Amino acid sequence: MTALNTGGRLMAPTAPSPARRRTPRRRAGLAGYLFVSGYAILLVAFGIYPTLFAGYLALTNDRGQFTGLNQFVKVIQDYRFGPAFTNILVYLVMWLVILVVLTVVVAVILRSRMKPGLSSVFRFLFYIPGALAGVASVLVWMFMLDPGVSPVSGLLNALGLSTFSQVIAPQSLPVIFVFIAFWTGAGGWIVVMYGALNNIPDEILEAARVDGAGPWKSAWFIQIPMISKWIAYMTILAFAAGTQLFVEPQLLQSASLGRLNPTWSPNQLAYVLAFQFGDFNGAAAVSIFLLAIGLVGAGILVTRSGLFKAGDE
Amino acid sequence: MTTTSAWRPQRRKTRQASRFASTLIVVLIMGLLLVFFVLPVIWLILAPTKTASELLNQPPLSFGAFSNIGLAWDHLASFENGIIFVWLKNSAVYSVGSLILTLATSIPAGYALALTRFRGRKILLTITLLVMIMPSASLVLPLFLELNRFGLIGTAWSIILPFSFFPFGVYLVYIYFSTSLPSEMLEAARIDGASEWQLFTRIALPLARPVVALVAFFSFVGNWNNFFLPYLVLPSSDQFPIQVGLNQLLSSTPSFNPVAGAGLDIQSPELALSIIIAILPVLIVFLFSQRALVSGMLAGSTKG
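Chain order of the listed sequences is C and F.
Residue 1 is where the first sequence starts when you use the working numbering, and the numbers rise one by one after that.
Residue 1001 is where the second sequence starts when you use the working numbering, and the numbers rise one by one after that.
Next up, chain F with everything else stripped away, as it sits in the complex (with noise of 0.2 Å):
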């Protein structure tokens, strides 16, 4: 580490100038920030309370009308017969049940490669530390091929079992067994006559409950906002999540598109009110997830 001698004091005329021309530059750093990152969302939350041609008149951060609202929701909800409705659905069952999957394959097997002892298992380490770095969008047209040799394209496990894969989350189980649950005390129990499964459910789990929701947090985020494999392997807009079905909402609508959404109901109130509804589950998860986010990237981060 860097040693503190090196540095001699300042004189005092010049520390107060710098201090001063310093605390300017914090304050427009985190100025212009702000405006960066709080801009968007003021406008997003406004931009439904009003209509399309009030969008295009009126200040952009100007509130329009509650009942605006409503009428972007009525829009919204009749569009190609509440299909919207069916999209969230689709999401809520492809997020939902490869977290299910991705739970129960990666917490044992974190587990194991961290806390047992068998052949294969440095290597198996080895490929998932390989494959979490690996771009995974680059395997996505062979992946789009093999879920089509098993006649799997159209069906929901198409989207289910890939998203279930989740390297990372192997990792970050590794990460919390093997720095936060000593072995002796597995091999206490072992003595004591614990089958392997019992030192799994009875002690490992019950002190895993930080990792499980951390996994969960990221796996249900990734799945929610996933694109690209769903766009590839459905064909029918019943069965878009709703990440894809904004993109068809997107092509429908005349605010980018005048050609192809002319006469439509969907114009950019809607289309903002449907970004809000999209997000919503996320966002919510987000309120709560700051924390853990922090505990997860910087898992065990104070050890070694």
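Chain C extracted, bound-state conformation (with noise of 0.2 Å):
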């Protein structure tokens, strides 16, 4: 977290310093105050306060009365802690190599090795499936997943997963949440790096072939470095996004009948140990957990990768 509090540092990698631009008069000060404040009223509401309140219910008991580190003593010694955040960290390290990998890749291939019609065909038959995100593409996977429907499920079978219910064993969990982000996500993110590719200069990729470079070595030589912010950028975005994961794990597990773990991932946790056990401190500790998880991973990637620095300074 101190990491990212270099104040206006924490700047977009295009804007311009704000060093640069004179100082207007006075009133555009007040005026500034009157633009910024219904989006002020917002973020104290649904961004400090409860961010404050759940360090605050964090620290105290049910009664309000303050209690230390106590109750992140207790989730930790939960015994539903461990398993919920080795399971989240699993699923995001094969997703965030699989996303990285895949995406890059691809937007490679559809920049430099296609023809530009059937690259934009490609573009949007992979975008398209963004619009199944959240509970849709859950279900939709679903079916994907029940060999009796399935329309792959010649491979189901051959994998030795006959049933839904065998389909859906707790070891295969982590994949099966990678495959559903990866065909909601995976699209728009395509799309986006071959956008970030497409501003490269024509010159530069000239030069390179003229040296001799062969397509794989101007993509990892010169295309992927000059997009590198953007896949930090993304990275950050689907590090923050798989950290909550909660839709899927939770509808599946409604789908199972009750043989799926109801607190596969710590929002889960969370959201049992507030609602089924009333246990809001508790919560409030698991949701801490996660949102310093979320912050310190981002804060390395922001700092490795020199994002949201003013790269003109």
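What the hints contain is simulated information worked out from the structure, not anything from laboratory work.
Warning: the hint list may mix true and false statements.
Chain C residues, not near chain F, derived (Cβ > 12 Å throughout) [to be verified]:
hint: 1; residue: I76
hint: 2; residue: D78
hint: 3; residue: Y79
hint: 4; residue: T86
hint: 5; residue: L139
hint: 6; residue: N198
hint: 7; residue: L257
hint: 8; residue: N261
Coverage of chain C stretches by chain F, computed from C-beta distances (three or more under 8 Å per stretch; other residues unrestricted) [as the list claims (entries may be wrong)]:
hint: 9; region: 44-56
hint: 10; region: 63-74
hint: 11; region: 91-97
hint: 12; region: 157-167
hint: 13; region: 238-250
With a Cα cut of at most 30 Å, we get these calculated DSSO-like pairs of lysine-lysine [said to hold, decoys possible]:
hint: 14; chain 1: F; residue 1: K1013; chain 2: C; residue 2: K217
hint: 15; chain 1: C; residue 1: K74; chain 2: C; residue 2: K217
hint: 16; chain 1: C; residue 1: K229; chain 2: C; residue 2: K217
hint: 17; chain 1: F; residue 1: K1122; chain 2: C; residue 2: K229
hint: 18; chain 1: C; residue 1: K229; chain 2: C; residue 2: K74
hint: 19; chain 1: C; residue 1: K115; chain 2: F; residue 2: K1013
Nothing here was measured: the structure is a model prediction, and the numbers come from that model.
Where a beta carbon is used, it is the ideal one built from N, C-alpha and C, also for glycine.
Starting from two chains that each stand alone, build the complex the way the hints lay out.
Below, the structure written as structure tokens:
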């Protein structure tokens, strides 16, 4: 977190540095407050207040007494805590590796190895499943994974999976969630990466070709380094979203007739603690852990990649 | 940047072989991914044309009959007296309501952050970026308690207000204005005697059309697909948005839940049809938004 608290340095890669602009007259100051007021109210009400409230809950007990770090210790010792965070970690590693490798490889292929017309058809087809994000995607994939109706039931059978409950065995869950996330999320990112590759001037690639670089070498030494900021940006957003996994395990759990673990992901654990055990303080402690992991992860990526630092300082 | 001189020309023979291999790899990757992305969509479109038993017995990618779509539609429409229409209406109210609030707050805020000076501007920008990358679902529980405290649980506001807080939108507007509207232009208008409000409505807003569309796209799609918050804060079925409604349909269908769904008309074809209906608005937005997505995500990437 501290890495992020660098004040004005936390800027978009492209934002002009404020120092370059002249200071307008004072009335602009008042107007500025009016313009941001609506957003500021929402920010306080639904960004800052819930965060502080979660912190307060995690440091107190259900009678409002200050209990220090007891809630954190309590949830860590909970037998469901370790597995939930391990699950999300396994999922995140698989998801991020697959997302980064495949979106970049596919974007490079679409940009350099295909006719523009065909490439745009592919991008469109990859992009469309994104419209089925959320509950819809989980339902679609339940059908895909049900050997009874699945169009790939042959493949599932070949893997020794002949019933839905065999498919959704606990050890396959991270893979299933990666499939779902990739199906809905990757297309949009492929389109974005393609756009980033398109912004690389043709002369640079032409020069590389004259120097004898094949398409793969051009990709590795020129194209990928030039879009690395966008890869980092994608990784940050995918990481933040990935830690929040809730719909997917929750829906699969209810479809499994209770055979699956209802606290598979940390968000599910927080949900169960709060609404089945009435332990809002423990739930808040779990939320704070998630928040911390999300921010630390993003912080590492932000500082390592140089993203959000004003590039023109 | 890497230098190009590091590469040495390869020998012709190996080049030909490696060219063949790389073409093979390309075809393989793209072929597999094409099947992966497209197959579920085709299956989903075909599923409502079949009856539940046809889904089990006929080839998965076969076409049934158009009359089955009508049948599935009738079953779906009569489920709990047409509650699916109520769900769709709720989704529309929540998504559009918060979309309007998002635009009304984030456009002026992004403008002010980019083009006006005021104390606290930097800190507001920093917090916005921080909240943007914060996993928001982990705030849903304290949010629930907060809404409860203000007596908003069970009202439409409990969804609309939290949804309309959209820091990513503010960030997009901020980037847009700071890269495409030179402050000299505003300064000139100021000297001509324009008020701050006139600067915003007469100069900035007309220029902001692309970014308004962009924020609207991301906000609408996010709102429509959100599940966690409405799942927690809405107690009764007639307030559900369609996403939570789908969850209820799922638990009422015998496809995955033979016990709960016994005797009901909601089976796999009806479920598949309800998925298509539920995503239709987002799909329509998606069909026209591919370019918007790129320009949004790469906002101003050619500069700097």
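Flag every earlier hint the structure violates by its number, smallest first.
Failing hints, ascending: 5, 6, 7, 10, 11, 12, 15, 18.
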